[in-house]
Amino acid sequence: MATDKSGEIAINMAETKASAKGTAPLLNYSKAVAAVEPPNRGAKKGLAVGDFVLRLCALGAALGATVAMGTADQLLPFFTQFLQFEAQYDDFDTFRFFVMALGIVSCYLLLSLPLSIICIIRPLATTPRLSLVIFDSMMAALTIAAGSASASMVYLAHNGNDDVNWLPFCQQFGDFCQSASGAVIGSLLAAALLLIIIILSAFALKRN
4 MATDKSGEIA INMAETKASA KGTAPLLNYS KAVAAVEPPN RGAKKGLAVG DFVLRLCALG
64 AALGATVAMG TADQLLPFFT QFLQFEAQYD DFDTFRFFVM ALGIVSCYLL LSLPLSIICI
124 IRPLATTPRL SLVIFDSMMA ALTIAAGSAS ASMVYLAHNG NDDVNWLPFC QQFGDFCQSA
184 SGAVIGSLLA AALLLIIIIL SAFALKRN
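Counting in the working numbering, the sequence shown tops out at residue 211, every number present.
It is worth saying that the hints were derived from the structure and are not from the lab. Glycine residues also receive a C-beta, built at the ideal position from the N, C-alpha and C atoms. Careful: at least some of the hints might be erroneous.
As the list claims (entries may be wrong) - For each label pair, taking beta carbons as the anchor points, the in silico distance ranges come out as:
#, residue 1, residue 2, range
1, Gly163, Leu127, 50 to 60 Å
2, Thr74, Asn43, 38 to 48 Å
3, Ile121, Pro171, 43 to 53 Å
4, Thr130, Asp93, 17 to 27 Å
5, Ile121, Asn162, 19 to 29 Å
6, Ala46, Asn164, 49 to 59 Å
All chains, please: the whole structure from these sequences, using the hints.
Okay, structure coming up:
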């Protein structure tokens, strides 16, 4: 602050470095904010890791169900050259559909692992995550359809139906029914895991 000859007070303002160089302070601030990592990146990366682990578990359940049903076969010991009693999965259209459906789901889950890894590396990317959600929903619907249809067949095999005089099939073919029941349980487990994966992906797609 200084006083001139006319008695007026003059105030000297010191130039800042930013104004002296011609750089806008707000521009520097915006660059600093852009360089800061988004706060939800870590959470989305954790969801992506959980997605990968659950996807591996679903793959194991679906593949195990496919193998269990595809190898379900039992030949009763009392048979002759002209009369044999054998039960195979391909004797039932529902079980054939089950093997084809769970085989497709197993192949998809195996092929989806690279996309899941991409989501771990780039947790903020929405395109691979959205693609997984769409195909996961389709595979979950296919798994539920195959599992529920086969579950009804297994129930009839174990308990029969008195109204139409259907005898319990599993009284004679116990090993076959055990393999079929295990396959159905594996398919329902795979379906449950796929539903959990879809829920995790929905949370990962949230912007905040």
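The hints, checked one at a time:
{"no.": "1", "hint": "Gly163 to Leu127: 50 to 60 Å", "in the structure": "holds (56 Å)"}
{"no.": "2", "hint": "Thr74 to Asn43: 38 to 48 Å", "in the structure": "holds (46 Å)"}
{"no.": "3", "hint": "Ile121 to Pro171: 43 to 53 Å", "in the structure": "holds (50 Å)"}
{"no.": "4", "hint": "Thr130 to Asp93: 17 to 27 Å", "in the structure": "violated (40 Å)"}
{"no.": "5", "hint": "Ile121 to Asn162: 19 to 29 Å", "in the structure": "violated (47 Å)"}
{"no.": "6", "hint": "Ala46 to Asn164: 49 to 59 Å", "in the structure": "holds (51 Å)"}
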